[in-house]
Each structure stands twice: as structure tokens, then as C-alpha cells.
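Full structure from sequences and hints, please.
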Amino acid sequence: MSKGPRDKRMSIDEVVGELRDGMTIGIGGWGPRRKPMALVRAILRSELTDLTIVSWGGADVGLLLRAGKVRRLVYAFVSLDSVPLEPHFQRARQAGTIPEVVELDEGMFQTGLRAAAQRLPFLPMRAGLGSDVLVNNPWITTVTSPYDDPDGQREELVAVPALRLDVALVHLNRADKHGNATYLGPDPYFDDLFCMAADRAFVSVEQVVDTAGLTVDTPVQRLLLSRMMVTGVVETPHGAHFTTCTPDYERDEKFQKAYAAAAADDEAWAAFEERFLSGDEAAYQAAVQQFQEEQA
Amino acid sequence: MSSAAEGATRADVCAAAIADAFKDDGEIFASPMGMLPMLGVRLAKLTSNPDLVISDGESLFLADVPPLFAKGDVVEGWIPFRKVFDVVAYGKRHVMMGATQVDRHGNQNISAIGDFARPTRQLLGSRGAPGNTVNNRTSYWVPKHSPRVFVESVDIVSGVGPARAKAAGPAAARYHDIHRIVSNLGVFDVKGTDDTVRLLSVHPGVSVDEVREATGFDLHVPDDVPETRLPTTEELIIIREVLDPRALRHREVPEPTSKETP
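Line by line, the protein sequences give chains F and C.
Letter by letter, the first sequence follows residues 3 to 298 in my numbering.
Letter by letter, the second sequence follows residues 20 to 281 in my numbering.
Hints were generated in silico from the structure; no laboratory data involved.
Fair warning: this is a prediction, and the values are worked out from it, not measured in the lab.
Be a bit skeptical, because a hint or two may be false.
As the list claims (entries may be wrong) - In silico negatives: residues of chain C with every beta carbon more than 12 Å from chain F:
no.: 1; residue: 198
no.: 2; residue: 242
no.: 3; residue: 261
no.: 4; residue: 267
Claimed, not checked - The list that follows gives simulated cross-link-like pairs (lysine-lysine, BS3-like), each with its CA atoms no further than 27 Å apart:
no.: 5; chain 1: F; residue 1: 256; chain 2: C; residue 2: 90
no.: 6; chain 1: C; residue 1: 210; chain 2: C; residue 2: 185
no.: 7; chain 1: F; residue 1: 259; chain 2: C; residue 2: 90
no.: 8; chain 1: C; residue 1: 111; chain 2: C; residue 2: 90
no.: 9; chain 1: F; residue 1: 71; chain 2: F; residue 2: 259
no.: 10; chain 1: C; residue 1: 90; chain 2: C; residue 2: 185
Using N, Cα and C, we set each Cβ at its ideal position, and we do this for glycine too.
Structure follows, in C-alpha cells:
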């Protein structure tokens with residue numbers, strides 16, 4: 003009798019229970035798109051501190067900065083798209099409250115994840131040469147090609163260091179209980195790379211379905227994650243709120259606007275936290291539903 | 020054949036100037052960041068360069084040329100972010116980015132204002148500017164030309180100018196190609212003395228002195244500075260009736276008042 007692969011279903015709190023102070027955590031998605039926000043909210047509720055966060059940043063980065071969870075931030079940009087500048091990020095940078103800041107080019111960020119996913123110490127790349135990315139990160143160095151180019155010169159390229167992660171947190175549309183997972187929106191972003199760059203990867207999804215259900219009306223090419231890349235699976239409906247999770251839902255622009263407005267002022271932020279971030283995920287979703295009814 | 024049209028606004032002139040920046044690009048991915056660049060690229064695709072490849076700014080290559088902020092009817096390809104980085108490295112791309120600062124040597128900053136360790140104003144971060152500038156053709160769009168934007172030396176180098184690219188060696192310089200800087204006052208390149216910003220044309224109604232005054236560094240000004248061409252009648256019809264019927268372009272580039280144009 004076949005036992006079949008492991009059941010990896012976990013609760014949000016069990017995922018956070020696997021995290022430790024000082025860990026390097028990669029957060030999938032892109033800016034304000036398909037971010038594992040329910041898992042980020044759970045980190046906010048935890049005692050975790052001293053984290054290194056690696057993210058194409060949006061409100062995930064903003065919230066963790068505001069809560070004082072971040073020792074080191076690795077990013078290429080932090081944006082909410084319709085609100086170009088993430089208010090907590092902007093405030094933290096201008097107050098100098100992020101102990102260590104690593105600002106990379108977007109492509110370098112991908113290459114760093116690729117190097118980690120391939121268990122290489124670095125990968126060569128043109129991006130970064132001549133820019134202040136290298137000036138502001140003097141620990142990032144260059145590497146000279148061992149091969150002559152057609153002009154007899156040897157190119158000196160950026161040796162993009164591997165962005166090795168302790169843990170990756172990503173949010174997709176569907177998964178089975180073993181960790182095979184699909185994205186149903188227009189863009190996979192880099193969630194597979196985050197998982198492969200990490201020692202352990204936790205995926206939250208809108209819905210856990212049977213393995214056969216993953217491809218019943220969805221092309222197999224949308225299966226971005228294989229179970230060998232995934233440690234745990236969490237079902238978190240609306241778990242990417244207020245970022246996009248196309249086609250399950252789009253960005254909650256009204257909520258994002260309220261978030262950004264509240265960030266500007268300590269009192270307003272305290273009220274926002276009290277209303278939305280003081281309880282568990284179910285309390286958050288209930289408060290959001292009430293907010294949406296008020297706005298309708 | 021269309022002739023230069025009556026009644027073109029400054030924004031219309033800017034759109035045509037941006038279109039001209041893409042007319043000789045052939046079959047490459049045109050990546051406009053912001054509204055006027057999007058208008059200019061789509062204008063080029065409908066006139067001077069139908070081979071341009073354009074996207075919806077998210078993840079789709081569009082086969083047709085929809086109006087600003089409208090959805091395209093026919094999709095001709097898939098360009099998720101991961102494949103954008105592939106195209107950047109492949110080189111068949113021309114990006115027109117914004118610039119919070121541009122300096123005399125054509126370096127650009129979108130990262131932050133002030134000291135990097137503790138900026139007075141944090142902006143987006145470097146985004147893809149370092150990779151863009153050493154891999155594929157790059158232009159800049161500045162809707163409000165002022166000494167605050169055109170500075171002697173940018174605070175943080177996100178986009179790399181030609182002198183810095185050369186100093187970084189052949190791997191940085193080989194594909195480096197800052198093509199145009201278009202502002203609401205004129206058109207520029209970076210082929211002035213010692214790889215500095217050079218004035219190529221002033222928009223109709225703008226004087227060379229006005230550009231000099233609005234520029235915070237010593238601009239390379241050739242002896243003879245032509246006027247930027249007016250859009251043709253055909254271009255004006257496309258801009259007004261097809262691409263931007265709601266005249267959103269005038270929010271980004273308002274018509275100058277008579278005081279501003281002596």
C-alpha cells in the first residue's frame with residue numbers, strides 16, 4: 003500500500019513558530035503584488051526581532067520596519083505602485099532607523115537569488131558596474147573573466163553574491179497539501195527562486211485543493227512550485243490582502259490608501275494598528291470586511 | 020504627406036520628441052516609464068517605427084496600440100518581470116526612465132536625495148537603473164526642467180553616465196548607450212565635451228537662455244541650436260483622437276504661461 007507524500011499543512015502560527023530571531027527571511031511577490039501578508043502579519047504579532055529581510059519591497063517591508071523587526075534590509079525598491087513611496091520605508095530611511103541597508107539593482111537581486119538557488123557563491127553580471135550600488139555596498143566586488151573577449155580584453159563583471167535565505171515566505175493561488183502550487187495571475191514573480199534560495203520555504207495559498215485539482219482547468223505550466231521546494235503549506239484565504247492576488251482578487255486600493263494615510267501620523271497609525279493589527283488573522287479579515295462595507 | 024500642424028501644445032511637442040527618440044530603434048522592446056514616455060512610444064509605433072514591441076507595463080506584449088491606460092485587444096507575447104531582466108541582458112530594449120536628478124555627466128538618480136546612509140528624502144531605490152544603463156539603450160524624461168533636477172552632481176548614481184561607464188571598464192561601456200534626455204524645455208544627449216549633457220534642440224517658444232537658467236550645471240550648447248520640430252497633422256490627430264483623447268498629457272506638461280516664455 004502506497005503511503006504517498008507527506009501532508010505539509012500547517013497553521014499560520016505554526017509557520018511563525020519555526021522562525022527565530024536573527025534569521026534571514028525572503029519574502030516573495032513584488033512590490034504590492036501577491037505578498038504573503040497573512041504570514042507577515044503573524045510575524046508582527048510575534049516576539050521575533052533582529053531579522054534580515056530580503057524583498058522586492060511593498061507593505062511587507064513597511065510593516066516590518068514600522069514594527070522594529072528589521073536589522074538588515076535587502077531590496078531594490080520599495081513601492082506600493084499607486085502610492086509610489088512606501089511611507090514606513092521612507093520614514094525609516096529618513097530617520098536612519100534601519101541598522102543595515104543593502105540597496106541592489108533589481109536584476110542583481112534576481113541574480114543573487116539565482117546564485118543561492120544554484121548553491122553558487124556568486125554569479126557574474128553587468129548590472130551595478132559604474133553605479134553607486136557598488137559604492138554603497140563595498141563588500142560587493144567584481145570578478146574578471148578568465149576568457150578573452152573578441153577584442154582581446156577580459157571583462158570585469160559584478161560578482162553578485164548569493165542571497166542565501168534561512169526561510170522563504172511566498173503566497174500563491176492554489177496548492178495541494180504536499181506543496182505543489184500554482185499561480186493563476188499574469189506573473190509568477192520570483193517565488194520559485196525564493197523557495198530554492200532558502201533552507202526552508204513556507205507557502206500560503208488562497209485554497210488547498212486535491213493534487214488532481216491543480217491542473218483540472220489550469221495549464222500545467224502554471225505549477226510554479228514543486229513539493230520538493232516546499233516545507234509547509236498554509237491555507238490563508240485573502241492572505242495576500244491588501245496586495246493583489248489576481249484573479250482571486252485585485253489590490254484593495256481603498257485600504258492601501260487608508261494604510262498610507264495612517265502611516266503619516268503616530269496617532270493615526272496607533273488607531274490603524276488597534277483596529278486592524280491587534281488581533282489574529284481572522285480578526286484582521288473581519289475588520290477588513292467591515293472597512294469594505296463602510297467604504298461601499 | 021503631413022505638414023507641421025497648427026496649435027500643437029508643449030505636451031504635443033514633447034510627445035513627438037519622445038517618439039523621435041525611438042524611431043531608429045528597429046524591432047526592440049520599448050519600455051516607457053511614466054505617461055508622456057508611454058504616449059511618445061505609442062506614437063512612434065503608430066508612425067515612424069511600427070516594429071517596436073510594447074507592453075501593458077505589467078506582463079503582456081500588446082499587438083495593437085491602445086490609448087493611454089486602456090487595455091489592448093490582442094496580446095502577442097508574455098513578459099513577466101523575470102523575462103524583462105532577460106531582455107535587459109539580451110540588449111534589445113530601449114527604456115525611457117524618469118529622473119529625480121540628472122547631472123552634467125548624464126548620471127541619474129531615482130534612489131534618494133541626500134546622503135545614502137541617512138537620506139533627507141527617500142525615493143524608490145535604484146530599481147533597474149544600474150542594469151538598464153550598462154545593458155541597453157536608455158533615455159530620460161523630465162517633465163519639469165529645473166536646477167533641482169539638472170544638478171552638477173547627483174546625490175546617488177542609479178543610472179550610469181558615459182564617463183562612469185568608461186571608468187568602470189569595457190564590460191560596463193560596451194553596451195552603454197544614453198540616447199536622449201527629453202524635458203519640457205528641450206532635447207539633449209550626452210555627447211557634449213567630456214561626455215557631458217549637450218543641448219540638441221529647444222522646444223518652440225523656449226530660448227536657449229531659458230534652458231541655461233533652468234539647468235544647474237554648465238550645459239554644452241552648440242553654436243547653432245535648432246527648434247524641436249512640431250508634430251505633424253497626422254501625429255496630432257493620433258495624439259488627440261486616438262492615444263490621449265482625455266488630454267492627460269497636459270496635466271504632466273501644462274501649457275507655459277506667457278510669463279514663463281519671454
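Sort out whether residue 185(C) lies within 27 Å of residue 210(C), counting only the CA atoms.
Roughly 14 Å between the alpha carbons, so the hint for residue 210(C) and residue 185(C) holds.
Assertion that residue 267(C) lies outside the chain F interface [Cβ separation over 12 Å]
Non-interface label on residue 267(C) holds, nearest chain F Cβ at 16 Å vs cutoff 12 Å.
Starting from residue 111(C), check that the Cα of residue 90(C) is at most 27 Å away, please.
holds, 24 Å
Within a Cα-Cα threshold of 27 Å, do residue 259(F) and residue 90(C) meet the stated pairing?
holds, 24 Å
Far enough from chain F: is every CB of that chain over 12 Å from the CB of residue 242(C)?
holds, 32 Å
For a C-alpha distance cap of 27 Å, please report whether residue 256(F) and residue 90(C) respect it.
Since the Cα atoms of residue 256(F) and residue 90(C) sit roughly 22 Å apart, the hinted pair holds (cutoff 27 Å).
The output says residue 261(C) does not contact chain F. Does that hold with a beta carbon cutoff of 12 Å?
holds, 25 Å
Beyond 12 Å from each Cβ of chain F, as asserted for residue 198(C):
Holds, since 17 Å exceeds 12 Å.
Are the Cα atoms of residue 90(C) and residue 185(C) separated by 27 Å or less?
violated, 41 Å
Please verify whether residue 71(F) and residue 259(F) have alpha carbons no more than 27 Å apart.
Within the cut-off at roughly 23 Å; holds.
Hint check: a violation occurs at hint 10 only; the rest are consistent with the structure.
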